[in-house]
Amino acid sequence: MDIASLIGLILAIGLIIGSIAMGNAPFSAFIDIPSFMVVVGGAFAAALICFPMGSIMKSPLIALKVLLNKGEDRLTMIKQIVELAETARRDGLLALESKVGDIQNPLIKTGIQMAVDGSTPEVVEEVLRTEVEAIQKRHKEGKSIMDQLGRFAPAYGMIGTLMGLIMMLQDMSDPSGIGAGMAVALITTLYGAIVANVFFSPFAEKLGLNSRNEMVSHEIAIRGVMAIQSGESPRAIDQKLRTFLPPKQRDAE
Amino acid sequence: MDIASLIGLILAIGLIIGSIAMGNAPFSAFIDIPSFMVVVGGAFAAALICFPMGSIMKSPLIALKVLLNKGEDRLTMIKQIVELAETARRDGLLALESKVGDIQNPLIKTGIQMAVDGSTPEVVEEVLRTEVEAIQKRHKEGKSIMDQLGRFAPAYGMIGTLMGLIMMLQDMSDPSGIGAGMAVALITTLYGAIVANVFFSPFAEKLGLNSRNEMVSHEIAIRGVMAIQSGESPRAIDQKLRTFLPPKQRDAE
Amino acid sequence: MDIASLIGLILAIGLIIGSIAMGNAPFSAFIDIPSFMVVVGGAFAAALICFPMGSIMKSPLIALKVLLNKGEDRLTMIKQIVELAETARRDGLLALESKVGDIQNPLIKTGIQMAVDGSTPEVVEEVLRTEVEAIQKRHKEGKSIMDQLGRFAPAYGMIGTLMGLIMMLQDMSDPSGIGAGMAVALITTLYGAIVANVFFSPFAEKLGLNSRNEMVSHEIAIRGVMAIQSGESPRAIDQKLRTFLPPKQRDAE
Amino acid sequence: MDIASLIGLILAIGLIIGSIAMGNAPFSAFIDIPSFMVVVGGAFAAALICFPMGSIMKSPLIALKVLLNKGEDRLTMIKQIVELAETARRDGLLALESKVGDIQNPLIKTGIQMAVDGSTPEVVEEVLRTEVEAIQKRHKEGKSIMDQLGRFAPAYGMIGTLMGLIMMLQDMSDPSGIGAGMAVALITTLYGAIVANVFFSPFAEKLGLNSRNEMVSHEIAIRGVMAIQSGESPRAIDQKLRTFLPPKQRDAE
Amino acid sequence: MDIASLIGLILAIGLIIGSIAMGNAPFSAFIDIPSFMVVVGGAFAAALICFPMGSIMKSPLIALKVLLNKGEDRLTMIKQIVELAETARRDGLLALESKVGDIQNPLIKTGIQMAVDGSTPEVVEEVLRTEVEAIQKRHKEGKSIMDQLGRFAPAYGMIGTLMGLIMMLQDMSDPSGIGAGMAVALITTLYGAIVANVFFSPFAEKLGLNSRNEMVSHEIAIRGVMAIQSGESPRAIDQKLRTFLPPKQRDAE
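Taken in order, these protein sequences are the chains called D, P, R, F and L.
Going by our numbering, the first sequence opens with residue 1, and the numbers climb by one from there.
Going by our numbering, the second sequence opens with residue 1, and the numbers climb by one from there.
Going by our numbering, the third sequence opens with residue 1, and the numbers climb by one from there.
Going by our numbering, the fourth sequence opens with residue 1, and the numbers climb by one from there.
Going by our numbering, the fifth sequence opens with residue 1, and the numbers climb by one from there.
No lab work stands behind these hints: they were computed from the structure.
Hints are supplied without guarantee of correctness; some may be wrong.
[To be verified] Within a straight-line C-alpha distance of at most 30 Å, the following computed DSSO-like cross-link-like pairs (lysine-lysine) qualify:
1. F:140 - D:143
2. P:58 - D:58
3. R:143 - R:58
4. D:140 - F:137
5. P:143 - P:99
6. F:58 - D:248
7. D:248 - F:140
8. F:99 - F:70
9. R:70 - P:143
10. F:140 - L:240
11. L:240 - F:65
12. P:58 - R:99
13. D:248 - F:240
14. P:70 - D:140
15. P:137 - R:65
16. D:137 - P:99
17. F:143 - L:99
18. D:140 - P:99
19. L:58 - R:99
For clarity, every value in this text was computed on a predicted model and none was experimentally measured.
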């Protein structure tokens, strides 16, 4: 589990709550439901205008994925590819049919299945690459939604603060209420800054990083399937795929 | 119908009106016709300087298109291409002449008509690609107008607020009027922030997304026409074009 | 004449003057010569540091060009090229010598003259392309000057306002003068925002658009000259060049 | 040692401390632990969400690397490569085996070891280039962490200031405390600006520059190893690699 | 001499001094040594962290170069190349040896010397291109230093103003001092805006423009040397190199 993101999130929220606790003002001074609705609701509304309904609905899932993303174990993946290559070398490509059910990586599974079914290497590669491109496009859209939320949240925070200031300025008969009115007006800007800098912007960065990492795993999978189909020796495949690992892992058993 | 954009728009406007309703200030405190004219009029004036008259006149239509855009049903398109391919295979290219009237997609229509008229594949492809490039250029201009409106609206909002502040500061003999004067000055900035973040910026994003999606449909159309003209088998065409669909749709009947 | 830019400019200025007229403050409250000099003079001074004297001197002309730019009539251009092609086909390339004087487009004129003088097609194309590149470089510099003016005007506006505030804060013995002092300080920021968003930034955008349009006309001219020199049939030239026109114009006589 | 970064850092900190010392306020007026925690803690928390734990943990080391980076002595490197080439020419590639232990540059070491072990030049080059790409990726991540810290620090500074203002506005019963309250609120923004502009942003720039410089050294190493393996004359290798040096160093012994 | 930059600089400074002179406040109100040190010292300190000591030390020289840059006279350069070509044609390449001492352009000098010494055209071109790349890299670093100074100066201006505000807010016992305190605080922001917008940013732009211009001269030099070495006719060289001149200069004697 990608514990760094979770720790970071808890730390950021903890620091903000801690600062409030250390101050003199009660917690209630920082809670204003309408302000929260303008910022978060407004950012989601703007995102709804920008993206299809289906993509927006999936965005909480995408956020969860940032916190729970485990990363593919590339070494295990390479070992499995090498094993498949050994079977294919010893008993022929068709012998892989019985093993397809055990493969977890969907790209390797699709590729091996197609190879067993007799598709030509060109067709197999094209299908796998089209698939990876589609995955990449979905990742980009996910990151893009977070980016837009992180851009619209402060904008709606400013809209809320401007509305609060206008209301406050409209009625200045009671000078003692000015401070409180202004405090409420500023809360919307605070909410916009918090949701953008604690959630949306860092999550967008993380999604970009995760996507770049996943692309490397996909490349290993495609190269592995192509090498198995072209009958390369398991040892050569092992050597070739291990260049994608960091130096320390390269010589691991 | 692309209901997400409409829902997003209603939600954003609803949140803003709702926040005002929940406050103490009357609605009238948020209405100022001259401020509205400076922001929206100013943004349109700046856009008029940037773009040809014809493109600006079409921009309300473009905005409507964001709300009502339905998206091309790519599966239906592929099925129609496969049907045309079957007819061409069975009865020859010329047999397609009677079917041209039924084709709705303008690119496929133009392409098939040209193929029937005896144009070479190279000429057909060049004409279709030139057409798609022209469509893309129009899309880019549409997005660009929205982008510029979203950039000039807050700028003219700031201009209006500065003018309001200067007027207010000019006459501070009546301290009780300062609050109201400042409120009016801030309304222009509020209007600029609202029209940019509720309308222009999200609409620009959406137009960009729609255009990228449409380009995929155009690619399917061109590839389909080229495949029909070169006499490929309907089954092969079907397989090839379905790689453009998301995985779930690929096996649909 | 490109009337949109002129209308946009008049509209933007009209809106600003109208808003002032509707307010209570006299026009004189918005006029401050030193502020104007700091903003416009400062922006031009910064541009003088950035660009050669000659380019800066031409910038008012460039601004005028935005307002009066007429656009090349591409259809007429294509017709003239086709006419030249017909003459060349009928009476030989040398027969074009007598017609060179009538050609208005300078690129076509240079190209035909060179062809008549016996330059090889490679040399003709290289000279014409070098010329177009030089035109494009001049356009880019023109746009770049407007961009920099639009960036430095608000910066000098802020400098002026800061100076005004410092002067005002220096002498607060007479509280009744604070408002007026602050109003004057803000005028510089207002001027910076107005000249950037009414003139420089939209003009820069327009110059970019005009340049991209002009490049298409230059491409038609070069392709036309090359086709004439290589002896293509007038009908083929006509067809080929018309793909550069929008669909509606393509079948025009 | 890259003394410029250290001098710059001391100078920047000295200027800030000096300015405070020259003012009337005590140093304690600029110290506020909770503000410091919100800014630095918040920026690190946001970075933790963006990047894997391991990369974040290494970031203080990376910062230290900026201060202590010595740069590779390229001339010495080239001389060593030429020496190896002379041995290889005189006594054969295998004679390099005894010298591998003396080579300090890890890329040259790996490359020569592989060459001695009989790997083909293609394999040697691929392994070295993959290694350099991995180094470059690590450098990019290091710079990216500094960039994000430099972006989030001012954002959390603003969050802290907004919280301080809201607390202060909540309780304005004692007007004499308003000034002090506002001062404390502003400290968080000050901290955000300082850590971003004294540490994170300049460090990110420096890391980018260091990485670009290191890439040149890596290129010299790879070209050198390839030239040795292909048996080029030591003199030719010397000439070729010296083109990577600045002109003044090129003729050095 | 590039008099535009000098005039621009004098004009910008004159406008600022003039505005102060026209106001009521004394000049001394705009002078604050500690503020100046925080802004300029801070920006240089940050640049010291980003760049090697040597590059920073050369930056005042680079700034002077902006003011005094004369530009290469390309027509004279072409004429000299043509002259060298005539000698080479008439008396052979070796006859150029006696003329090398008279050549001022260092690239032409190096190239001709190498050609006379018998280097192959490939080697000559590679050495000259490597040299031009190194020049370009130095130019980029120079521009980059100015860009960073123009970015850090306003940042340190803000840091100084925040420190001033915190000091002022700390001690509000004497209301009459608040105005003056705030004025001093704002001076740092003013200094940051002035040094960025009068010096660093325009100078960075100018350095970029100068570098692009110089690259064209270097291209003429390289092409000329290559043409001389390959024995092209002086007339052809003249024609070819003149396409790099603006149209008006092209037919000059």
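Cross-check of the supplied hints:
Note on residue 140 (chain F) and residue 143 (chain D): the hinted pairing holds, with a Cα-Cα distance of about 20 Å set against a maximum of 30 Å. Under the criterion of a C-alpha separation no larger than 30 Å, the hint pairing residue 58 (chain P) with residue 58 (chain D) is inconsistent with the structure, at around 34 Å. About 12 Å separates the Cα atoms of residue 143 (chain R) and residue 58 (chain R), which keeps this hinted pair within 30 Å; it holds. As the CA atoms of residue 140 (chain D) and residue 137 (chain F) are separated by approximately 20 Å, the hinted pair is consistent with the 30 Å bound.
For the hint pairing residue 143 (chain P) with residue 99 (chain P), the CA-to-CA distance comes to about 35 Å; that exceeds 30 Å, so the pair is violated. With a CA separation close to 16 Å, the supplied pair residue 58 (chain F) and residue 248 (chain D) stays within the 30 Å bound. Between residue 248 (chain D) and residue 140 (chain F) the CA atoms are separated by roughly 19 Å; this keeps the pair inside 30 Å, and the hint holds. At most 30 Å may separate the alpha-carbon atoms for a hinted pair to count; residue 99 (chain F) and residue 70 (chain F) meet this at roughly 25 Å.
For the hint pairing residue 70 (chain R) with residue 143 (chain P), the CA-to-CA distance comes to about 24 Å; that is within 30 Å, so the pair holds. At most 30 Å may separate the alpha-carbon atoms for a hinted pair to count; residue 140 (chain F) and residue 240 (chain L) exceed this at roughly 44 Å. Between residue 240 (chain L) and residue 65 (chain F) the CA atoms are separated by roughly 51 Å; this puts the pair beyond 30 Å, and the hint is violated. For the hint pairing residue 58 (chain P) with residue 99 (chain R), the CA-to-CA distance comes to about 42 Å; that exceeds 30 Å, so the pair is violated.
Under the criterion of a C-alpha separation no larger than 30 Å, the hint pairing residue 248 (chain D) with residue 240 (chain F) is inconsistent with the structure, at around 33 Å. Between residue 70 (chain P) and residue 140 (chain D), the direct Cα distance comes to roughly 22 Å. Compliance with the 30 Å bound is thereby established for this hinted pair. About 24 Å separates the Cα atoms of residue 137 (chain P) and residue 65 (chain R), which keeps this hinted pair within 30 Å; it holds. For the suggested pair residue 137 (chain D) and residue 99 (chain P), the alpha carbons sit about 36 Å apart, so the restraint of at most 30 Å is broken.
Taking the CA atoms of residue 143 (chain F) and residue 99 (chain L), the gap is near 51 Å; set against the 30 Å cutoff, the hint is violated. Proposed proximity of residue 140 (chain D) and residue 99 (chain P) is contradicted: the alpha carbons are some 40 Å apart, above 30 Å. Proposed proximity of residue 58 (chain L) and residue 99 (chain R) is contradicted: the alpha carbons are some 59 Å apart, above 30 Å.
Against the hints set out earlier in the document, violations occur for numbers 2, 5, 10, 11, 12, 13, 16, 17, 18, 19.
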